[in-house]
Every structure is written in structure tokens, then in C-alpha cells.
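So the chains spell out like this:
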Amino acid sequence: MTETTAAAHVGHDHGHDHAHGEEPNYLQASHGLKSWIFTVDHKRLGVMYLAAVSFFFFVGGLAALLVRTELLTHTKTIMDADTYNRFFTVHGAIMVFLVIIPSVPAGLGNFVLPLQLGAKDVAFPKLNLLSFWVYCTGAVMAVSAILIGGVDTGWTFYTPYSSTTSGSVVMMVAAVFVLGFSSIFTGMNFIVTIHKLRPPGMTWFKMPLFLWGIYSTSIIQVMATPVLAITLLLLIMERVIKVGIFDPALGGDPVLFQHFFWFYSHPAVYIMILPGMAVMSDMIAAFTKKRVFGYRFVAFSSLAIAVISFIVWGHHMFVSGQSELSSMVFSFLTFLVAIPSGVKVFNWIATMYQGSVSFETPMLYALSFLFLFSIGGLTGIFLGTLSVDVHLHDTYFVVAHFHYVMMGGTIMAFFGGLYYWWPKITGKMYFERTGQIAAIMVFIGFNLTFFTQFFLGSRGMPRRYYNYLAEFEDLHKLSTFGAYFLFAGLLLSLGTLVHSLLKGPKAPANPWGAKTLEWTHTASPPIEHNFHETPHAPAAPYDYDT
Amino acid sequence: MDAEQLKQLQSMHLPLDGVWLPKATSTIAHVVDDPFWIIYWACVIAFVLMMAPMFWFAWKYRRKSAEQKALSQIDHSQAMEIAWSVLPLVFFFWVFVLGFRGFLEMFVAPAGATEVQVQGQKWQWSMAYDHKGDRVSVGGVGAEFVFPKNKKFKLVLKSTDVLHSFYVPNFRIKTDVIPGRYTTLWFEATEAGEYPLLCTEYCGTDHSNMLGKIKIVDTEAEWHAWLDKMNTTVVDVPTGKNLFETKGCTACHSVDGSTGLAGPTFKGLWGRNEQTNKGPITVDADYITESILQPQAKLVNGYQPVMPTYQGQLKQDQINAIIEYIKTLK
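Going down the list, the sequences are from chains A and B. According to the numbering used here, the first sequence is numbered sequentially starting from 3. According to the numbering used here, the second sequence is numbered sequentially starting from 75.
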């Protein structure tokens, strides 16, 4: 701990934890439940989002543990088929809509973005509050759907199964519809904030890369989410008033649903990964004490990913019955989107060259990201290749691929960011050793759980299978064991943070010696209005010296 | 399906070839496997090329004291940016071409392939072969479908209810099976053996039991012999019982009097008086036949209209065998 506090006093920090009287920090500035429910402070909203996201991560994770427990044996283990189908649906729906999509933007982004811009708050603080209320409403609706009747369609709601099966499909789909608006409002808010509230001297290319990533994410959120909203509305109409859009029994086309759904849901996966990449840039800079290599390339790659993400959705549908020509076009475009992602990873590794590399918990998560996201990204090549995808589509290979990018990527970055900004958010330091042990447990558990699934998939094991052929049992047992180990690591990780709230030492203004405005110009935690006066942007985005 | 049948079904063997892939037993498998291995080795090399520097830099430049700064602030190299954008792009283009050419081969059936109709429904596969002027229909949970090796077949697939997907890992073939539309696949098997057929588009409760067995025989003669056998249905109680157990009926109808399932129990069914939504009926051969082919025609009161039709899947002599079985359930 003493090493980092020493580093914090180097340089020109303006941490105001000692001067300017006793202005309380944002956590102390007002009291009572109403001061939280009706807050327009981006920092309090960020904290509430983080609490909600962590809670639902735990719930979604429990669902996953139950799914993996059932899969310990190749026939019934602890539940019947219908229950299993509901659990894998719950796991997917909660993780996608209630956890990963809001985690970095609404959780960390809300807290950090205005601070990195030297601003008092986002452009529309009340809209931000509305965003959170809408999220809560959607969450309550989703939980009701799960508890009353359940949903067994998978998080993808493919028709006509979803337009004809019993269960609370309408409520769940309506919940996702509502949650979409939370996403849209946050995206709008961030776009305007970045355009209009940058401090003096902060041109676009002087912004921290975290902001480039959040900005690109926001563009996708605003443009793609409405398509999902309309699609879900159409699905509700089909179920309730039997308008034939997707169900062939009513004259509809089931593949049309897939086009509509994936038109949003493919960009959605970039809504999930771009913020994780945004956090990565800032973490790598801080824990190598170096400017991020290839700044402009990393910045533009975020925009490139945002744009290309809209034209590849058909790679989820190579064997759906769409024309071979469509499949060919989508395959070609899918390879393009891999390039900017690769560019980022190469630039982060290059940043480490001749840096001063330390291994605090956030950096362990960042290194995990580099390892795991690389595997996830590389396995995407198999899936983007048409003939190979015919064999691998809808098998565990796909499940492994997306867990490597979404969990090995985004969630690792989210945890890294949580640890990285924890001193700023809470004013406490966490206990480093357990944080590091937990990060290593998570890394090991993750690989045990999911690398195994590549083998399952390439050998022909389909997804969403309650029973399975006996000869796959050994690999499933290994994957389940890994899942328990992973869960233990995650518990230790969250436990380390919770423990710090109770017993952690007071954090200095800039424990990492980082160079972005939230570290150099605010207290830990910040005062309610963040800054006493608007700071001037640093000369360069990560202004380290040698 | 009872526990014993389930165990039987799920102990089907899927032959493997090495650690990663199933044994390839069709002529088209190479358009999957060749690019698979190219991509595999490229990924291994790429991963090492990325992780080796990462671990090396982490070690070599590890911070040894709190104030230690970076050795340099080198932060750009246009040459590297171009190299690591263009070189992957070239590789991707090559792999893309391999993939799409293989894909076209996989989905454009060669001329002269023999057509077989395939139907997917919750939760079984059935196929209809044209044989000696007849349409021979075979199907059921875990049903065996025989084909000779070294002969090209074109499958024409449809669903009667929701999306399914027809997947034979050993042949490397897969297509979604859609209600209201046809999709097609073709294959030519290279080796005799038994290869699992798996539904791989989630379709509800028994999605993971929706399996079949593709049995490849050495000669067309063996195949014809099997077709002849399938074409004649013995109308007797054991045949009826087998059909009852493999055509999905047990999902909704008990034989021991248990209620609470989606359909009425068959215990004591023969000759029973029932109240239906079209008035009272007595269960006879006509009613049973009608219920199998047009399940919603007369719905017993208290039950939902959820029974799927077996039109096109069960011939009258198969229905007669089922009736013989039902007569024994007192």
C-alpha cells in the first residue's frame, strides 16, 4: 500500500482531500433514501447501477451454476427438462440485458465519464435518473416474468417457438423492451456530453481512450436498440392479437424474426465489448505508466467497430435458410470487423514495451482480458468461415466463443475497471493480496469451464441440451468443476471489495499515479460537483514521462 | 419414454477422429475439415505471437520500485499498424474464399442425387423414401434411417411446427428445418456405420431427445431390403406398442391410468364413452384414426388442442396396429 501512496504524491496532483475546508464527498453530501432515489448526481447513479449489475450478475451466475450442475450427468441430475430450459433462458436473458450491457457504460461510465471531461455532470442529469428508473422497471418486469410462469425460449426468442409456447414470454419481452430505453437514454446522454462538455484544451484526440470507447458504444446503443424494441413489439402483437408476422401458421416468416433480432443483437455484442475495451486502454496506460501505443488507431478502431457491427448480423444465420449469397456477403464483412479488434489488442501489448509494468489486481484482469479475449476473437474466425460454421453452428463451440469474448473480455474488463476505480468511487483501498488471488482463481476457473467447451462443440455436442450422449460426460464434468472454481473466485473477488468498504484503509486521491482528470483533479471520493473549478486538459491523453 | 429407453437413446455412439473432430464419413467433410485445420494452426501461431511478447514484456519490464517510470514513451509505429492490419486481412480473405467455395459445394446438390423427404417435429425425425412406387415413411424418437454408402442423396426438409435443425456431425451437414418452407441438404456417405442425427435448434422440452441414427450400409441391396421391411407393417400388438412408444405418443398419453398429462390415458380407452366439444362419442377404430390424423376434429372436454397430426407419417396399417395395442390396455 505504501508504494502506491508514495506514487500518488509524485507529479502535479490536485487531490483535494486536505484543502478547501471540509466539503463533504458525494456520498456524504446528502442523506436518506430519497436523496438516492431522486439523485441526479452521475456518481450516485453509477454506484446504484453497479450495485444492481453486481446483484444480477450473482443471480445470473447462480442460474449458470444450476445449469452446469444439471449437466454433470448425461441424463437427469437435479431438475426436469422444462426447468432446465427455463434456467438457461434466465441465465442468458439476465446476463445480456441486466448485466453486461449496462455494466461498463451505465455503471463505470456514468461515474467516470464526466470526471474525465472535467465536467460537473452529464449533459442531461435528469434524463440520467430516468435511465436508471427505466432500468429498475425493466428489471422488476423481467424478474416477474421469471417468477410467474417462467420463460423457456432461450434469450434469443426465436419464432415460432416463442410465439406459441406457454409461459411469461410477453412479460419478459416487454421487460427487454423497457430496458432498451434505459440503454438509449444513456447513449444519448453520453454522446451529447462528449460533444459539448469537454474541458478547455481537450480536443477529440486529447480525450482518454476510455471516452472514445464509450462514445462509440453510445452510437450503437442509440441506433440499434430501437430495432430490437420494434421487433419485440411485433412479437408481442403476434402472441396477443395473432397478427401473422413470424409464425407460418398465421402466414408469417420465422426467418424474418431472426433478421430483425440479430440486426440489433449483433451490434449489441459490440455494445458489450467496446466499453470493456475502453476500460482496457486506461488500465494498460496506468499500470505500465505509458502512453497507449497507436492512440489514433485505437480511437478509430472503436468507431470502425461501431460502423461495421451493423452489417454482419447474418453470420448468426448461415444455416437458417437465408440465401447462399446473403451468407457469403455476411461472411466477408464479418472478417472485416475482426481487424479493428485485433488492432486494439496489438496496440495494448505494444504499450507494455519498455513500460513500468506492475501487477495490481486491475492489471491482472487486464492481462486476463488480453489472453482470454484473444482466444475468443481467434475462435470467431472458425465461425465466420462459412463451411466450418456449418459444422460448428449451434454447438458448444459457439457457447465457448461468446463466453470467451463476453466474459473473458467484457466481464474481466469490468472487474478490472471496478478495482481500478474503486478507490475513486468509495474512497477506500481494497486488500491487494486477496484481490490478486481472486483474479487468478477467476482466470483458472474460467479456462477450465470454457476451454473444455470448444472440444465439446467441435465434437458435435449441440447447445441448449438437457440430456446428451453419454460419451460427452467427462468433458461436461470438467467444465462444471471449472464453473464451481470460477464462482468461488468471483465470490472472493466481490468479497474483497465488500470487505474494503468495512475495513479498507482510506484511499489517496491518485493511488495509481494515473494521468487522467478523474485521478489528477478530484478527491477520493470526489465532492458532489466533482471539481472546484473546471480543469484544463492535460497536454496529452496519458501524459507520462520517462 | 422410460428410463431404460432414454439410456438406450443417449448411449448412441458418435465416432471421433482425434481430439477435436468427429470421424469424417462423407465426401463433403473435407471442405469443413481442411479450413478447420488451416485456421487452427494459424490461430495457434497468432496466439503465441501475441502472448509471448505480452508475457515477455510483463517480465522484462516489471516494476521494481514504486517510482520507476517507463523506459521510453514510444507510442506509435505506422509500419507496425499497417503490417498487423494488412497481413491478417490477407489471411482472412484466403480463408473466406475457402469457406465460401466449400459452402457452395455443401449446399448445391449434385445432379442425379436421390431425393428423400425429411420432416422434423416436436420431438422426432421422420423420413420418406420413394421406393417401388410407394412412399416409405420411417420415423420416431431415436429412429434408424438407412442409406447405402457411395450414393448421393438430397434431403428435402420441413418442419410441421417450430424451428428444428438437422445435424449429422460425422457428415458435417447441418441445416435449419423450418415450418412453412423447405430447406435442402445433400450428402454421400463413405463408410458403413452408425452416425448420430441431432436436432440442433432449440425446440422445447425434449429438444435434447430429438435424435436419430443414420445407419450406412455397404450395398444398395441391403438398403432396399430394409426399405421393403419398412414398407410392410405387421398389424399386431407388438408393432402397435412399438409405434406408440417411438412416435412420441407417450409424451402425452399414459397406459396405466395416470392423469395430468396433456392427453387422456389410454388405459381402458377402447370402447370408452367420452364427451367431446362436438358431442358424445364412443372410442372406436374410426375415432382413433381420426384423432391421429386430425387431432383437433373432436376434442375431449378438459383437454387443450395441442396434439400434433400424424398425417403423412403413419399409414393406415400402422394406425391399425396401434388400435390393436390400445385394445389390450384394459
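Derived from the structure by calculation, the hints contain no laboratory data. Fair warning: there could be bad hints in the mix.
[Stated by the list, open to error] Chain B regions said to be covered by chain A (calculated; three or more residues, Cβ under 8 Å):
| no. | segment |
| --- | --- |
| 1 | 124-134 |
| 2 | 143-154 |
| 3 | 221-229 |
| 4 | 236-244 |
| 5 | 248-261 |
[Unchecked claim] Ranges of calculated distance between the beta carbons of each label pair, as one might list FRET restraints:
| no. | chain 1 | residue 1 | chain 2 | residue 2 | range |
| --- | --- | --- | --- | --- | --- |
| 6 | A | L503 | B | W133 | 54 to 60 Å |
| 7 | A | K128 | B | D108 | 54 to 60 Å |
| 8 | A | D476 | B | W130 | 21 to 27 Å |
| 9 | B | V230 | A | W206 | 27 to 33 Å |
| 10 | A | K244 | B | G334 | 46 to 52 Å |
Quick caveat, the model's predicted, so the values are computed rather than measured. By construction, the Cβ of each residue, glycine as well, lies at the ideal position given by its N, Cα and C atoms.
Hints, verified against the model:
1. 124-134: holds (count 6)
2. 143-154: With 10 residues in contact (Cβ-Cβ under 8 Å with chain A), the coverage given for the segment 143-154 of chain B holds.
3. 221-229: Our answer is that it is violated, as 0 residues pass the Cβ test (under 8 Å) against chain A, missing three.
4. 236-244: holds (count 6)
5. 248-261: Holds, because 8 residues of the segment 248-261 of chain B bring their Cβ atoms closer than 8 Å to Cβ atoms of chain A.
6. L503(A) / W133(B): 54 to 60 Å: For W133(B) against L503(A), whose Cβ atoms are near 34 Å apart, the range 54 to 60 Å is violated.
7. K128(A) / D108(B): 54 to 60 Å: 59 Å, holds
8. D476(A) / W130(B): 21 to 27 Å: Violated: the Cβ-Cβ distance is about 35 Å, outside 21 to 27 Å.
9. V230(B) / W206(A): 27 to 33 Å: For W206(A) against V230(B), whose Cβ atoms are near 56 Å apart, the range 27 to 33 Å is violated.
10. K244(A) / G334(B): 46 to 52 Å: 29 Å, violated
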